[in-house]
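A.B. asks: Read top to bottom, the protein sequences are chains Z and F. All residue numbers for the first sequence refer to the numbering used here, where the first residue is 32 and numbers rise by one. All residue numbers for the second sequence refer to the numbering used here, where the first residue is 32 and numbers rise by one.
Worth flagging that the hints you see were computed from the coordinates, not collected in a lab. Do not take every clue at face value.
Unchecked claim - Derived list of chain F stretches under chain Z, where covered just means 3 residues or more per stretch with a C-beta under 8 angstroms from a C-beta of chain Z:
| hint | segment |
| --- | --- |
| 1 | 103-110 |
| 2 | 116-129 |
| 3 | 143-149 |
Unchecked claim - Here are a few chain F residues that sit away from chain Z, every Cβ distance over 12 angstroms (derived from the structure):
| hint | residue |
| --- | --- |
| 4 | K53 |
| 5 | D139 |
| 6 | E170 |
| 7 | S175 |
| 8 | H182 |
| 9 | D196 |
| 10 | M215 |
| 11 | N230 |
| 12 | Q240 |
| 13 | R246 |
| 14 | I249 |
| 15 | E250 |
| 16 | N252 |
The structure presented is a predicted model; accordingly, all values stated were derived computationally and were not measured. For each residue, glycine too, the CB sits at the ideal point set by N, CA and C.
2 protein chains.
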Amino acid sequence: MEKITSAQNSRIKAYAKLHTRKEREHTGLFLIEGEHLLEEAEKENMVETVLTDTPDQYQLKNMIEVTPEIMKKLSSNVSAIHLIGVCHKKQMKIEAPHRLLLLDDIQDPGNFGTLIRTAVSFGFDGVVCSRDTVDLYNEKTIRSTQGAMFHMPVVYADLSAYLDDLHKDGFTVIATALRNAVPMHEIEKKEKMAFILGNEGNGVSLSLQNMADERLFIEMNGFESLNVAVAGGIVMYQYHQ
Amino acid sequence: MEKITSAQNSRIKAYAKLHTRKEREHTGLFLIEGEHLLEEAEKENMVETVLTDTPDQYQLKNMIEVTPEIMKKLSSNVSAIHLIGVCHKKQMKIEAPHRLLLLDDIQDPGNFGTLIRTAVSFGFDGVVCSRDTVDLYNEKTIRSTQGAMFHMPVVYADLSAYLDDLHKDGFTVIATALRNAVPMHEIEKKEKMAFILGNEGNGVSLSLQNMADERLFIEMNGFESLNVAVAGGIVMYQYHQ
């Protein structure tokens, strides 16, 4: 087995750069941490190289032994991690969808990952993100998906153009909103539905709200607001197939 | 206005220690950051001292001017914060409840804070936490509540003993579970209901599950699991009054 002991090794330095979105986009590579995520990525044939500081414990393809210092340098986790995978991104395609989640500029990677995880749990067919949504391959996004990102096509698109296409395809598009909206229990299930959730601070942009067929609010006690991942969970539960 | 310029000042050093749970418990004090949280804490008369590095911009009681370096030392935020409040904890009491959230060893402060925020949004009367639940006064918990912690009694208790009392008080106690449980739509609203949510890794402990009147699962597509704050949101929406 190959062994790297210097944190100054050129490959290690290249991997360390994958903590930035720019470098992930440039190389098409990203890092994942821990056994569970590696198993899920392996099923999709996305793992190029596995780094470990405890090679005796694992039997995986393309393993490189490295030092604990190198693991620490590459990990975004506070506790010690013994497996890091270098993966290549995969082209994802949403096929014959009936339930879609549309994300308008979600900024928090924890919210983003949790929404993807919930979308898998409720059988949604894909997640479509505005271009300014946080990166799918951000370490915190990946961690929050709990592996669900390997089971859900997630694509980035211009949402206004995407909405036009959805309308042509017979979709009912629902924007979540706090004002001038219909309570959720009054909106019935339809065959093809897409739900827009908005940015943590500003909600769904007005232009997308105006393009939607309905504006939905979740009935609450008093004028409060929900975390976007919670709101998404309630909506996806309500309309799952 | 009093002014402190040295990060070695004894009061500043004492405030910096409030980042640990131990010191918060010892002193009964905790820190909050930003204008919104300060306003909410002020309404409850919980603010003892306000620290700022931009005193001209605010008119608040008991303000002390400090340097940006001191703000940085006391803040848990990556971006610059210009207001920090030193607050005292308040004895909280749940009065005449009809809807309660019971948390069994929730570990993630973001989940905990989000659950409190959601409980306010759906008119719950209180949150009861097992002793091993993460600290309410953790900076991340506070941030995730978005100020909701000042509108919701949150208490720590031995949950088994608490469940005994709830039963005597006519409560129906529902534990969330993934196995051997009833689908949520089959469980009807009752006058007094308490819902137990479990630890992120292990769910609700078996002993508490056995003490509950019902075990509830959220219907999903396939055997998946939900983030606990999302699961809590779905359950609280379903049963809010």
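A.B. asks: Determine for every hint whether it applies to the structure shown.
C.D. replies: Hint check:
Beta-carbon proximity to chain Z at under 8 angstroms applies to 0 residues in the segment 103-110 of chain F; the threshold of 3 is not reached and the given coverage is violated. With a threshold of 8 angstroms between beta carbons, the proposed coverage of the segment 116-129 of chain F by chain Z is violated, since 0 of its residues qualify and at least three are required. By the rule of at least three residues with a Cβ nearer than 8 angstroms to a Cβ of chain Z, the coverage given for the segment 143-149 of chain F holds, with 3 such residues. A cut-off of 12 angstroms between C-beta atoms confirms that F/K53 is not in contact with chain Z; the least separation is 19 angstroms.
Interface exclusion of F/D139 from chain Z breaks down, the closest Cβ pair being 9 angstroms apart, not more than 12 angstroms. At roughly 15 angstroms, the least C-beta separation between F/E170 and chain Z is larger than 12 angstroms, which holds for a residue marked as non-interface. With a least CB separation of 8 angstroms from chain Z, F/S175 falls inside the 12 angstroms interface cut-off, contrary to its annotation. Against chain Z, the non-interface label of F/H182 is violated: not every CB pair exceeds 12 angstroms, the least being about 9 angstroms.
Every C-beta of chain Z lies more than 12 angstroms from that of F/D196, the closest at about 25 angstroms, which supports listing it as non-interface. Against the 12 angstroms criterion, F/M215 falls within the reach of chain Z, whose nearest CB is about 9 angstroms from its own CB. Every Cβ of chain Z is farther than 12 angstroms from the Cβ of F/N230; the closest lies at roughly 15 angstroms, confirming the non-interface assignment. At the 12 angstroms boundary, the C-beta of F/Q240 stays outside the reach of chain Z, the nearest C-beta of that chain being 21 angstroms off.
Annotated as non-interface, F/R246 keeps its C-beta farther than 12 angstroms from every C-beta of chain Z; the closest such distance is 18 angstroms. Chain Z draws F/I249 into its interface by the beta-carbon criterion, the shortest separation being 7 angstroms against a cut-off of 12 angstroms. Not every beta carbon of chain Z lies more than 12 angstroms from that of F/E250, the smallest distance being close to 8 angstroms; the non-interface claim is violated. At roughly 3 angstroms, the least C-beta separation between F/N252 and chain Z is not larger than 12 angstroms, which violates its mark as non-interface.
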